[in-house]
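Protein chains: 4
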Amino acid sequence: MEPAMRIASGDIVVTETLDAAGTNARGERVADRPNPMNGPIHVAGAEPGDALRVDILRIDPARGTGWTRSALSANVLDPEYARNLPPRDRAEWIIDREASTVRLEAPEAALKHLVLPYTPMIGCFGVAPAGGEAISTATSGRNGGNMDYRGFAVGCSVRFPVAVPGALFFVGDCHAAQGDGEISGTGIETCCEVEIRLTVEKRRTIGWPRGELDGRIFTVGNACPLDQALQHATTEMVVWLKSEYGLSEPDTAHLLGQTVRYDVGNVFNPAYTMICSLEKKWLPERPKTA
Amino acid sequence: MEPAMRIASGDIVVTETLDAAGTNARGERVADRPNPMNGPIHVAGAEPGDALRVDILRIDPARGTGWTRSALSANVLDPEYARNLPPRDRAEWIIDREASTVRLEAPEAALKHLVLPYTPMIGCFGVAPAGGEAISTATSGRNGGNMDYRGFAVGCSVRFPVAVPGALFFVGDCHAAQGDGEISGTGIETCCEVEIRLTVEKRRTIGWPRGELDGRIFTVGNACPLDQALQHATTEMVVWLKSEYGLSEPDTAHLLGQTVRYDVGNVFNPAYTMICSLEKKWLPERPKTA
Amino acid sequence: MEPAMRIASGDIVVTETLDAAGTNARGERVADRPNPMNGPIHVAGAEPGDALRVDILRIDPARGTGWTRSALSANVLDPEYARNLPPRDRAEWIIDREASTVRLEAPEAALKHLVLPYTPMIGCFGVAPAGGEAISTATSGRNGGNMDYRGFAVGCSVRFPVAVPGALFFVGDCHAAQGDGEISGTGIETCCEVEIRLTVEKRRTIGWPRGELDGRIFTVGNACPLDQALQHATTEMVVWLKSEYGLSEPDTAHLLGQTVRYDVGNVFNPAYTMICSLEKKWLPERPKTA
Amino acid sequence: MEPAMRIASGDIVVTETLDAAGTNARGERVADRPNPMNGPIHVAGAEPGDALRVDILRIDPARGTGWTRSALSANVLDPEYARNLPPRDRAEWIIDREASTVRLEAPEAALKHLVLPYTPMIGCFGVAPAGGEAISTATSGRNGGNMDYRGFAVGCSVRFPVAVPGALFFVGDCHAAQGDGEISGTGIETCCEVEIRLTVEKRRTIGWPRGELDGRIFTVGNACPLDQALQHATTEMVVWLKSEYGLSEPDTAHLLGQTVRYDVGNVFNPAYTMICSLEKKWLPERPKTA
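Chains as they are written, first to last, in the working numbering: chain A, 1 to 290; chain B, 1 to 290; chain C, 1 to 290; chain D, 1 to 290.
If we strip away everything but chain A, and leave its shape as in the complex, we get (with noise of 0.2 Å):
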């Protein structure tokens, strides 16, 4: 695939993203494949062996709307649950930009005009993969991809490993605002206008993804069950606190042990998304710059 547009190392990017079902700002269905992605941005100076660093500096809404599906996802309750289930029709919601909100309006529902505060994310981004793969951006992967974390919000900032020459960096599937998990299978979907800075981290060799956000450094793992997302999410905490800040296999125990936290990504997508983290606080200084 060729790229969309070429940035040098620590270039700034405003893209507006296009949501979930394709459609753009002005309600055209502008895409067909689900989670439609902007990009791919080739990265002068990424390698494979470098880690491309993506902060997250603003998400602002590009339209006035977003939308939701009106049930949860099967998946997430006990199996025969589901016979319970209603359709999975869409419901709309009202974002206002100046109160900052997000608004339901679904007439006959008792919640009706629930009112939730904005809290964009973004739902999907990450590098092309390894081994020439191209990947749907339904699932997730090494390479990031259809994460669905509401901590992908303004002031995180994330790396990717690099795979092929360039990264070939990739964002999309904006959401308003998305519980734990995304369970009802959506979050808010919507468009957003982005605002983001990449910067290639020459031989910053990583296995899966890793960032910063409030205070607390953390690494996210793709697969399932949840079980396995968490298990590859903590052996690259793992690895991080060895190759980086110098603790040995008991050392990590003693830390994470007592202080970790893990959050829970999507557990509706191919790959469940969960989140290890830490709070830098308990770091050791760090014997070397990355």
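Among the hints, a few may not be true.
Each pair may be met inside one copy or between any two copies, as identical chains are not told apart.
What the hints assert, rightly or not - Here are the simulated BS3-like pairs of lysine-lysine, each with C-alpha atoms no more than 30 Å apart in a straight line:
#1 Lys112 / Lys202
#2 Lys280 / Lys202
#3 Lys281 / Lys112
Rather than coming from a laboratory, the hints here were simulated on the basis of the structure.
Once you've looked at the hints, dock chains B, C and D against the given chain A.
Chains B, C and D only, in chain A's frame:
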């Protein structure tokens, strides 16, 4: 099993728990089963179909030391990574009641004097299970048990489904601190003086533990794998929202889909624990008292 | 629980089991727990660290009817597919002792007179578990229990790990026929006259049930998900090959890697069952008798 | 990817596969991706919505040696057991075409001259996936792929769902023998001369691979964990019985519940494989040809 104590609904109980190895506050080994419990406590008037509400009022250190294991559990790491794991040695921690801290005593570790806040929690509590079962306190189920959730802390209230007359409440296995998942197979294992209030809520039939904490309501699922624990917890939340708050299936999809949070209890015991929670501020006024 | 019968090692027992609903051969409801068992049978001389060998000699029909459920269990189907499932109605089957067949009586079904061979099996058997637990007969563990494996048929011999003096053997829940997985939540549930020989094998310490069937040795793992049941069964086989046949880790990889077979017991109960088996003809001569 | 060959529906193809390491029958390393495939083969007339039927006519050894790994995979053993695993060394096997056997050459092993029958199978085959994906041949999905099922042997016929014009069939990674699960991470990896017939079945829409083998029909599910693979395979079987044999949901519960068999493909790759099968003799006459 004969009740160790009989109380009235609403009574406050103060009890000193043993640590997970059966050692008491004086350092004497006084029990030899895993996670020895205090109890059972018979609460007058509790009948099947009721809930037993437990308010956690106080968890004070009953001795000045705790212990942990110095290796992560193999099951939270990528399977082949387990080849790298060190022995499951025991590490000691000093509990400082004045400073309200725990301090690692591991001379050869890089983190040899790691100091963490004293953030005590109850590892294992619940009521007698249904059907005459006598389940190991190493595991958990609808009746509670060894859930190892850091949220079972002071200020938390939890309801358990009463399955036998008198409920037969038990409590033990307190931790001076613990990360999510109990991923080294231990929290900081110690003895605590626990003060709790036990109240029978008549005809409040629940399927799994439910509780309140920090402005949130929550449900608990205990099963393996994590996905199934998440299914139990989510289904219990849906049933709760429907039966006590009058929310329809689409309403629960709107509310939970965009605001739910999941926390991980232990991923070490035979049954893993997942917590599903919701901020109270999003709830409609309750149609009936409870 | 007091033994219902006391026997010597090597004795043959003939017992008439109830069906899964607690109904006897005369159609009388005589017990009300799920999968009521016959027993416990105390076998003289059995001590923790021994194995109890059970030879299944005969499973004859004790009544002329059996029953099943008319819907597949939601947990063996794609989660959203459960929306399509019919009610879990009860269907009746006629057991023909002369012809050795079972015949469906479902007038409105396309398969209304489906006739299958009578291929009886024991759904639930085992010994008292360790640690004073009294586990529901709906589930299973190291001690056996509700495993629902079609291989537990005439000619099969199984060993269970003795955890309490006398072993306290129990048996019940026979099926006139059953596919893998017990995926409709039932086999053809009926009452049978079961003839078994119970023999204590001194100092033969095992971790999970082990047996022999049709020229193969096998091990059983009971857990959820299936992957974990497979892990338990495979590990027990490796331990067996090492301790009794002297095979090294590479030897077990060569032998099991290229010849192992897995069979699925139930995938319906709280713990699923996986069988790991190996043809005896590939085994080296055993260094010691057992 | 450009087709390597274009054929008509019904044509027979003879091709010599590389082994999993990319080595050919002369022992030359000629490809470097995992499980290099032969193909893609464009079959005239195949369109999305059709099925591509593959009849396996012959799998002859193309060289006199094969290789395996000498350690079981950590993920098929209890997590802590992985501490005991030996290195994943490579072991050599001699393929004797006259005797139709494979013989281990491991001088230091107790089983140093283990001789097994030559029972060849295709480890990896299928068609191009939907949606423009280019998935690694290390994994599998609706389109087939690296399934490592010992039933993919001479006499088996399999249908794959065509997702792109021409189907774009690929085949490779043959094993001279393999147990269930590919639990040492390899079968006996070698090069084979494979003879297959490829036939387009117009307008036969299927969701997952379906086939016939030894008097049975079967479906294939590829996913992780095994439970999900089992769900996919079972659902595909239910859909098949309904659409082609006219069976209602209760009929499928009666028939599958009491006669279904599950076989395990690999439990080593990112997606595990489960086969759901049924004896043809229990099927009602088919209302339409296929």
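The hints, checked one at a time:
For the identical chains of this complex, Lys112 and Lys202 are neighbours neither inside a copy (51 Å) nor across copies (33 Å), given an alpha-carbon limit of 30 Å. For the homomeric pair Lys280 and Lys202, the shortest alpha-carbon distance inside one copy (23 Å) is at most 30 Å, but the shortest distance between copies (46 Å) is not. Only between protomers do Lys281 and Lys112 lie at most 30 Å apart by alpha-carbon distance; the minimum there is 16 Å, versus 43 Å within a single protomer.
Comparing the model with each numbered hint stated earlier shows that hint 1 is the single one that does not hold.
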